[in-house]
Each structure stands twice: as structure tokens, then as C-alpha cells.
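Visitor: The primary structure of each chain is shown beneath.
Protein chains: 4
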Amino acid sequence: MSRRESLGVGLVGAGAMGRVHAMAYAAARAYDPELPPVRLKVVAEASTAGARAAADRLGFERWTADWQLVVSDPEVSVVSVAAPNDLHAPVAVAAAGAGKHVLCEKPLATCAVEAQAMWRAAEAAGVVHMVNFNYRQLPAVQFARSLLHTGRVGRVRHFRGTYLQDWGNDPEVPYSWKFQARRSGAGVLAGIGSHLVDLARYLVGEPAQVVGTTRVWVPQRPVARDAQGSMRSVDVDVEDAACLLLRFAGGALGVLEVSRCAPGRKNHLAFEVHGESGSVCFDAERPNELGVYLPDDPQVDGFRRVLLGPAHSRRIPLAFAGIPVGFLDTVAFQVCDFLRAVVRGEPTSPDFHDGWRVQAVLDAALESDRRGGWVEVVPGTQAAEEP
Amino acid sequence: MSRRESLGVGLVGAGAMGRVHAMAYAAARAYDPELPPVRLKVVAEASTAGARAAADRLGFERWTADWQLVVSDPEVSVVSVAAPNDLHAPVAVAAAGAGKHVLCEKPLATCAVEAQAMWRAAEAAGVVHMVNFNYRQLPAVQFARSLLHTGRVGRVRHFRGTYLQDWGNDPEVPYSWKFQARRSGAGVLAGIGSHLVDLARYLVGEPAQVVGTTRVWVPQRPVARDAQGSMRSVDVDVEDAACLLLRFAGGALGVLEVSRCAPGRKNHLAFEVHGESGSVCFDAERPNELGVYLPDDPQVDGFRRVLLGPAHSRRIPLAFAGIPVGFLDTVAFQVCDFLRAVVRGEPTSPDFHDGWRVQAVLDAALESDRRGGWVEVVPGTQAAEEP
Amino acid sequence: MSRRESLGVGLVGAGAMGRVHAMAYAAARAYDPELPPVRLKVVAEASTAGARAAADRLGFERWTADWQLVVSDPEVSVVSVAAPNDLHAPVAVAAAGAGKHVLCEKPLATCAVEAQAMWRAAEAAGVVHMVNFNYRQLPAVQFARSLLHTGRVGRVRHFRGTYLQDWGNDPEVPYSWKFQARRSGAGVLAGIGSHLVDLARYLVGEPAQVVGTTRVWVPQRPVARDAQGSMRSVDVDVEDAACLLLRFAGGALGVLEVSRCAPGRKNHLAFEVHGESGSVCFDAERPNELGVYLPDDPQVDGFRRVLLGPAHSRRIPLAFAGIPVGFLDTVAFQVCDFLRAVVRGEPTSPDFHDGWRVQAVLDAALESDRRGGWVEVVPGTQAAEEP
Amino acid sequence: MSRRESLGVGLVGAGAMGRVHAMAYAAARAYDPELPPVRLKVVAEASTAGARAAADRLGFERWTADWQLVVSDPEVSVVSVAAPNDLHAPVAVAAAGAGKHVLCEKPLATCAVEAQAMWRAAEAAGVVHMVNFNYRQLPAVQFARSLLHTGRVGRVRHFRGTYLQDWGNDPEVPYSWKFQARRSGAGVLAGIGSHLVDLARYLVGEPAQVVGTTRVWVPQRPVARDAQGSMRSVDVDVEDAACLLLRFAGGALGVLEVSRCAPGRKNHLAFEVHGESGSVCFDAERPNELGVYLPDDPQVDGFRRVLLGPAHSRRIPLAFAGIPVGFLDTVAFQVCDFLRAVVRGEPTSPDFHDGWRVQAVLDAALESDRRGGWVEVVPGTQAAEEP
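Chains as they are written, first to last, in numbering that gives the first Met the number 0: chain A, 0 to 386; chain B, 0 to 386; chain C, 0 to 386; chain D, 0 to 386.
Honestly, the hints are just simulated from the structure, not real lab data. The beta-carbon is built from N, C-alpha and C at its ideal position, and this holds for glycine as well. Hints may be right or wrong, so weigh each one.
Claimed, not checked - Rough simulated footprint, nothing fancy, chain A against chain B, three-plus residues with beta-carbon under 8 Å: (1) 54-63; (2) 280-286; (3) 319-325.
The shape of chain A in the complex, shown without the other chains (with noise of 0.2 Å):
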């Protein structure tokens, strides 16, 4: 498409994250002024109250409570779904088949399958699709997959990640679809597991196998007090907890744990890499720096602390290390790359694909827990699948 025609978005579901996809669309030219102007052009939200409350507050001209008039929207030419996850493949499959390019929050869809089927539609149609996997944008990741992928500490044999939060460990807080199997697919798996998966597939390589435990901690939540004015209180069955190792089809192992009741971690997206001859660190509570250990020296021999900069990244603000990123940025950063895929005409990544491969990594982990033992991840005829 032209620069200068401008691009109508849409989005469907005006939670936390929309609100996030919203701004980071209101100020993509902000980061980048050679994209063509983005137009705010319609909200949809499961009430028509809430969605007009959502347009008001974020800045859209239209709203609706039926996503279908979304990704039907001839002023549309890109479409966000933020809404739960159970939406995210028939509105991601319509809006493709709509012509619409997609841009899917995580986790791509509730199970493998599903996820499939969500990249060959969009492939198919010939869209542009992409999966909101913010945390590769920060440029800690990004460096740290420079530093892996061009032999730097050699080959890798270890990737320790956990992802920790705690808010779920409140047993006030209510029921909502992220508690239930049927629209979550899984539970902090999907929820924030999924980034895990992403980072360690985009850092070490596929997973091949994969032995997993998890646990309910919480295993009920109440929902709105009735007539009587007493709380009810609904059965969780998604886990609040899992802990994974994982076989790395080039040789490395993984150990994950991902919680969202560990007492005091707010955001703790953790990794550790070991190579042969370094390692790399990271956490997301401190983004913008990366541990690295090289052995060139053997009196001054430590780990250091990179603070990121213009050595590493263009997009630090500002020509200096140690300028911070923040959490919009990687979203306007992943809006960035998304607009100027559809601007071009040429794909971008994270895609639907990655989104699919990390729900087969996920489904063998629930596989695993249901079944007892390693379980490989998405075995038999997948490569056959591909298109």
C-alpha cells in the first residue's frame, strides 16, 4: 500500500493490553514519521456500553459491540485482537479472510490446532500476521540472541527461565475467563508462560521434549455476590503453576517455571543462557540492561552488566547507553514493525507461526502433566503439515 494512504485500525477487545495496542498505533509515527498517518477507526468490546466507553477513552471514532462489523470494516485495512483467548482465532480467521492484516495478542489461540489452522488462514489469505511476543523487542533480548546466534559464547547447553507473578496469589481476585480452561486454554501457561516459551524458542532453538508438573493453587474464585448478597464462588481449572524442563531438539536443556502465586514477583520474565564458553542473563524487572559473561580475562573475570545503547539497539532514545526502554515502547516497537510489513507488502515476525510452535511446546506440557512423562512436542507428520 501507498505511505501516504492512511491506515484504519481496528481492534477487538479494550482490556489492559488493547488499551496498550491503542496507544502504541496513536504513537507509532511518533517512533517512526516515514509510516503513513494511523487512524483510530473502530473498537469492539463485549457490551455497546463498553465499547463506547473504550472509543471515548482511547481515542477511537467508531465502536461496536459485534466484532464481525470489525473485521468486515472497509475503512479497516489492520486489525488487533486483544480480546480473550478464545476469541482470537475466529476473529483472527475472519479478519484474514477479510483481507485484514492481523496483529494477535499472546497467546496465539487456546491449543495447537487452533493455532494451525489461525496461520494457514492467515497465510492463505495473504496477509500480514504477526503475534504480540513484546518482550523480544527490548533490546537486552534482542542483544542477547546477537550474542548467541553468532557463536559469542558458543553453543548453547543450558536455558533457565522462569516467569513469576502474584497477583494471582489473592484469592480475592474474581473468576474471569483467564481462570477457565474452556476460554483460556491453558492457565498462566497461556497467560504469561507463552512469553517464555517465545524467548526461549527465539533464543535456543525448538524444544523437543518436554516433562511438566503443575498445580492449582487457588482453586476457587468468586464472582459477583447474588440477589442474597452471598459470594459465590466458581471451580478453577486451569493451573495457577508449572514447572517444565525441556529437551532442545540441538542438544540443550531447558528448565522453566512459570507461577502466578509466587509471593513478590511482579513481573519476573527471568532467563539465563549457558554456551560452551559464556552465558548471558536477563530479568524484565531490570530491562534495560543484560548480564553477559565472557571469559577474556582471567583476573577480571565476572559477568557483566551491559547497560543497552546505541551499540546494541537504533531504537534506544537517545545516543547513549543506559536510557531506558519502557513496556509501551516494546509494543509501539512491535506496531512499528507490523506497520511497516503491511506498508511493504512483506512478512515480519514474530508471525503465527512462532505463535503456533510455542501452543505446540504448551499443549505437550499439559500432555505431560496429564500423562506422567516426557511427551514430544508436536510429534509425528507436523513437518509434512507445513504449506
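Based on the hints, put chains B, C and D in the right spot on chain A.
Guide: Using the frame of chain A, we list chains B, C and D on its own:
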């Protein structure tokens, strides 16, 4: 002014910080959809070619090499000043005189006399005036202030602050106005010491007395090669580093160290404040956390590492703690505050009065370095001078 | 025994840890002047020359190449075993049989069967027996245990532990008994994994099930050059790294990673434990602090960094927090506990029962690696077997 | 003296540090078996009852309330002085006069004049003299010095040091000689500032000029209730906190902050040194690591966290990095150095000359606080005064 009338922005100076101002204006409505539309009208740079390139790069509609045309532009209602320090006063005074609201980079001026004149001019014109002490906008800094001002840590006794960078250590860094007293006012004290003094005032109150010592560590800087291809060097006449002691009017002591020649320190704006019964500590290289000590448990006794979240600021992008805020966010928050003040016709802060008071501390520090002992900060009739 | 009668010490094995044992005995009365005088009587090493050199270096009165002479020495009342792992059982059983009290290095044995036999022998002989799991002696570890056992953080849900070193990564590190299954039992699991499993048990309780996977990263090690001067290499038959999941009998989950090939990690024995309502975290590279999270203030919410002090341990050398305890201190504390138990004729801990139980977890981990799934820890009639 | 002849130790002052001295002597041969046997002969305390209890607790053979009996005891060859500061000079001078070797706690004296006299007396008597600036003994501090003195970080430009504790903040801490100028010389500058100034000298060289300011934050302290049971308070006449700027003779600048009223800081003896081309930083609360910055890789650029190991010190207890050294180790290393010097009849360091020079800096700081400006450190004929 009306909330729907668009705001025309003029920018004087399109260097690194000028670009950040432009990004912040362009992104402002992403942060606050209630703001009126913002239009990047005109940018001034030293040369027409530079101005044209900047307009292209930053998304301004027009460009000029004459800043007078910016401040007199009828389509411009707010002016951002991001030119070299010696231009701050003429541009800001002219802009205010033309009825434009002014957002000025730090330091406000090259000396306190100049800064005071700017403040008077802006007040006399009745325009909104602000200085871009953007580190105030970090939720961690605002939380520190709230703990200090609500008495949670008791009366303040000590403030220790550093602002350390290392880019100046490279003798190949070329000569520029930052190394020239006439254009810059001071050296590292102006460039980054102003941020540190602003935070000291913001958190602890007015410094009353200063003693200090400074050093020029790299006494000459190269300029472009001459016709014969030999490198010419120019003497630096402003400090690369400064060490200060402060006595605050409220009785606290302060220790400040500022350097652009501190190997390994990239953007180390850090402080620790001791109150009678608690402490806070902060490092801008880890801007999303605040160290807080409260003696509330004799056994589990230690500094808490508080990750900032919705409990501390409504500006955290997502509704849980540990979601990082970035540098661009801080300037966008500042610009949003500025534009809201413009829309509402209300004062905001940090304003030119703050900028003037910071300058008075810097002037006293330089005078102490020349004279050799303790120096009063803006002594005499200063209070009476206020309108 | 009487407090004034001197205690004769025999040491079997004068390598690095043997030297530390000797230092700890020699220093014991400095730590506790109420102990009887301690005499370093006799040391055994593989060769007479080595034993003589060790006696000289460590201050023993006599030396021998025959450890049988140590355990039967009438002047010896306590025996420390710091020989290769396969000698632990014969030496300890013989010493106990001769009525000597025994302090044995970790791991207690090469397998659980052997360890159980040692425990039975020591109990049958009525001697004091102890295993040198010295990290238990750190005030930080003891404080962690106290927080966990007094319910300050609620019922335990997760234990994550790592013990990472990098010396094994150097392929020039020569072949020794540490790389040989017959003499060492296991590889890194025996060498340092035993410490980590001991801490898991000490803090959380008994592991009931294990799944794990291991790797040999450096498959051959050099031995001394032969007559032709060419380097000969020998195959390593024990693991360099292991990753484990645990299910504790009490319901908690565990994730363990152990490696001697983790570049940059020198002595990274670290753990994090999540309870229902709080967390603790620890790293032996910073042994004088414990991270503690308690949700006691919704605003000032974060992990506290607790510097250990007299509020936590009577063994801190000075009466305020932040005074560091060192490695030698931990072994001296252990030896003092051991000697006090000897004097009082009372049991102490960690004892051979602890050593046996650790071994059972290591055995289960190795079996899981061979078999490929979850393995019960010491299944069957074990409880009935206890005397 | 002969290596086999036993060394008799006399201790004057059996408070907290006196106990640590006693432990270090008792443990000395554990650290260095080549030392002669050490006997704890006699301890002096203010009262006979106190002295007897100390002898019992610390393992001395005899006790006395008259320190003169210690320094004249024919069985005593080395005297440790751990009494209040005003007793350091009389005890040390008398001991030297009696031909005893003297290890004195810091600060050496109550003022530079006194300290100089002690140094002269010890030199005149030809005895070994040492001051217990034990933090010098940390491998991290010695490695920092080696990096600075071998030019790895270039010529030193900045030294920033803090020594912060918080025990003084509690107004219930009773009055003692530490709050009394006549007995203590100074307040926090003497108590812990002396350590910091010693490290500044050890690492950077002699301070030439000082400016400083001090505060008494808790102006009165309680003494024991009188007959009527009411609490009596006494005025404190020494500083609780001090802030100093230094100009070193070699051209570097220094910034020092010392406080015993810094909430949350337990034993925060920390420094950062900037050279022309590198930096080191240290914190005694994490004594087993040194931060080192060397600009050797433009991409992997950052402070290294070096865990001290056998590459840095022969005194690490085990042969790999990350094995912690503790407080008692540092004093034992000091005592071993002292005793080896005694055996060999050689001087050692830090000696009374170091103690005197530290005192001169402290005196200059106090004079600056009184006079209000920069003060020369021991001006005039000092060099000529040296023997």
C-alpha cells in the same frame, strides 16, 4: 483554549533532545486521548538544510533557519526550546513575549540572572512555562517524594546524589558548545548536574550553602581537520566533573558528585536520602524500582526493593507492578502535563522558577570553586525580588 | 566425655576440604572456649610422602598412608573423613566400629544403600555422626528455615534451586575420581547437587518423586602424559549437569539445576522458596543477606534485603548486622556443633540419616535419567527398615 | 624470636573488638601452622569482675583490672589494645616501652599529635606496631589496590566513599565513651570514618586538603536510671555524621560520607574509584566481590562483578572463586601478618604511621567543620618531623 482546537507546536533545536520533544508531542494523545490534536508545525535548526532534514525526520510541516519565525508563527501556540543553552533565554523570552507557551530544556539558562529574567518574562506574559526536568516524572521519583513529604521516613537528614556518565572520557569526542562556557554556562554541572540539583530540591528543599570543587579532565577537544588535514584542538573552559557539599535550609546535608568522565557509568543518576526513621534510594539505570527502608520489623529488617506499579502512579502502562517506564514515557508525561496546563490555562511544574533556583545553586557551586569556601545560594534580597 | 580431656583428631584425606576440616578443628576453641583442647593427632593420605607433607602443612603430629591406622588410633577420638567418596563408607564404618565419632564430607556415600549402611553402623556403635552440609550453618540459611518453619510465609509451594560452577568447563581440567562413577557415585549431583538437595530437605521437607535429565558436556579428560609425551584422555562416565523436577511429600514443587559447566557461575548455590503468603531467596555468592518478601505494606511492597545480624544468629562475630560470615566460619560452626555433641554425648545434625536421605534423592534422579520418567524417592519398605 | 617459642598475648579491653582479637589469636595457627604456638596469657578490663568474666569467656589464663600489669607482664610478648580510644596512647606507649609488640584497634588515637607520639615511641622501641584497619585484608580491597597501582584503570581521578551504619539512630542507645570527645577524639569519624580514610589512602594516596561539615543528630543519650528511677540524659559532644570533600596530593578528588544514623545501612563501607580508563567499586556488605570496569569491548561494555578467588589472593579458603571470606578471617589475616612480623623481626603494615596519617585527615576535617573552609592536612614541617 478549547480542547478540540488543535495545538500547533514549534521546535527550536532538533538535536537529540529536540527529537525526543518531537516524539513526545507526536505521542501525547496516545497517552492522553483527552488532549486536543497536536500538530508539528515548524522546526528551526542552525542551517536551512539541517532544518529541512529535521522536518523530514521528525514529521514537522515546515522548517526554518530563523528561530524568530518559530516564535512569531501564528499557527504555533506552544514552543519547545531544545537549542544550545545560550539560546534558551532569547528564544523563551521572545516566545513568551509573543504569547506562546514555552517548554524549555534543562538547564533553563546559562546563569541565574538570565534564568530569573526568563521566569519574569514568562510570568509577565501570562504563558505556561515549564523546564524539562523529566526525571521528576518517573513513578519511582514521585513515590520517593511522597514518602519524604508525607513523613514516612521522618525529617530528612542526608541527601547523597551522583550523576555520572562516561562519554566525555573519550578524548576524540569533538569540541562543541557543551565544552564552552559562553554558550553552555557551565560544563557537566549544567548538562546533567542541573537534573541532580533539581531532584535534590524536589525531594529535600532549597539548598542554602554550597562548597565545591571541579576539574577539567580532558582539557582540549578536537575540531574538524583544517585544509592541511591536521587536527586542531580547542581548549575546554568548563568543568568535566564537580564535587559539592550542600547545607539545605531545612537542616539536611547533601553530597553531590557529577562527572562525564566516570568510566563505566552510563547514566548513573542516583540518590539516597536518609530521614530520621527511614531511607529511600534510587538509580536511574534501574528506573522502575525504589529502595525503601522502614524500620517496621526488627527481624525482617532491610531495604525493600519496590517495583513501581499502579499503587504508586496512574501512569504505569499496565495494572500491575514491574511494568517498566522508559525515557520517552517521562518526556511524554512532561509534555502531557504541559499541554494540559495550556488547555486549562493553569500553571504547571517544574516551571521557570524551579529552573532559576537550580541555576542559583549551580552558580554558587562555581563561585565556591573559584573562591574556595562555602557560598550562600542566591543570598540577599532574593525573596523580595519575587513578584 | 570430660570437657577438660583433650580431643584427638584423625583426618582421612588431606585435599582441599581436608585442609578446611583441619583448620576448623584448630580454630574450634577460638569460636567456643568452652570446648576441650583439640589436638590434631594423625592424618592419612594416599602416599606416605603426601601424608607427611600434609601433616607439616596442616599441623598434625603424625601421618600415615594407611587410614586403618587412623581409625584404630587410641589417641584419636574423632575422625574426619575427607577422602574420595568411595572411601567414605569403609572409613566411617570402621571408625564407628572402633568407637570413634565421625564427621564425614558430603556426599555421605556413593549410593543410598551404602549411606544407609553407614547410618546403621554409626547408630549401632552409638557414636556421634555428622555430614558436612556446611551451608546449613549460614545464618541466612538458618533464618530462611526459621521463616519457613514458623509459618511467616505460609505453606511452601515452590522451591527453585541452582548450584552452578564453571571449573568443569575447562577441558584441561584433568581426570580424577570426580569424573568416575565407581569412585564418585555420581558427578556434579554428588559433588554439589548433594548440598542443594540437603537444603531443599532442610527448608521444605522430603522429596517424594523426581524426574530428571543429565548431560556429560566434557566427555573426556586428560591424564598425565605417557612415556612418549602424548596426552592420554579418559572417558568421563558421570554427569556434568543435571536438571530435576521434584514433587515434595508436603505438596510443594521443586525445580533444580546443577552444573559444573556454567560459564561465569563460580559458586552459585541459590534458592528461592514461595510460600502461600511470602517468599525467601538466597545466593551463596552473597551469603550474608537473605531476600524476604512479606506482603505487609501494599505501597512499600517488595523483597527486603535482610543483612544477617545478632537478631538472627548468635554466631555473627560482632553485635550488629552486615558483619560477614565466611566459608571457614561455616565449617568451624559445624565442627563446634560436632565437638559439643561429642562432649555431651548427644546426637547432632545434619547426621548420617540426612546424608542417606539426600543420597536417595540423587539415586532417584539418576534412575529417572536412565528410565525416562518420574521416579519415587526410596520407595517401598524403607520406613520399616529404620531401626 | 624463634618460631617454636610460644607467643604470650596480653589484651587490654575485652569488649566486642577485644573478643574478636582474642578469637583471631586463638585461631592464628589454624590459618598459618608455621606460626609458633600462641597463648592467651592475660586480659585487662575496667573492673576485676569484668576481667575475670572476660578471661573465662575468651580463654585467657589470667585477668586484671590494671592494664599496667599486662604491658609489664614478662610472659606477654604481644599486646593488643582494644580499649576506649583515649587509652590507646598510654597503653601502646607503655607496652612499646616495655618491649612488647603492639596491635592497636582503630582509630590509633584521639588526635594526630597523640598518634604521632605513639608512632615515635614504637619506632624508638624497635617493636612491631600495627593498626587494625582490617578491611584492607579483604581480597576484594587488595585486588582493587592492585588494579589501581598497576595502572589497569589509569591515573585516579575520583574516589567516592561512604561508611554508613544505623545503630546510632536509636535514641535509646545509651551514652558511652563513643559519644564523648574527651575519650573518643571524634564521633563517627573516629569510629568508622577512620576505616574509610584508611582505604582512601591505601587506594589513592595522601589527601592534601579537606573541607567538611558534621552533624550531631541525636544530641543527648540516656545513662542508667538514678536512685529515683528517672532516666538521666547526657549531652553528646561528637558528630553522628560527617560529609567531606578531599583533594588528594596526586590530583584526584574525593567525596566521603560517614554516618551512624543512616536508616537501613548496617555496615555500608563502600567506595567507587574512577581512573582515566577504568573504575572499581566495592561494598563491604558484599565483601566477596569487586565491581571492575575496563573499556575492553565496545559492545559487551559494563562493570564486571568479579568474585574473588585464588587468582586474587592466596588466602581464599578453597581453590575456586566465590568462596566467601568473613569478618573474623580479616582480623585473623591481620593477626597472622602481625605475628609473622614479630617472629621475623620485620615491620608490617598498616602501622602506626598509617594510623597517624589517618588521624591527621580526621583532625583536618574537624577543623574545617569549625573554621568553615578548606583545610590543609597536617601542613608545614610534617615531612621534616619524620625520623
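Visitor: Broken hints, numbered, in rising order?
Guide: Going through the list in order, the structure violates no hint and respects every one.
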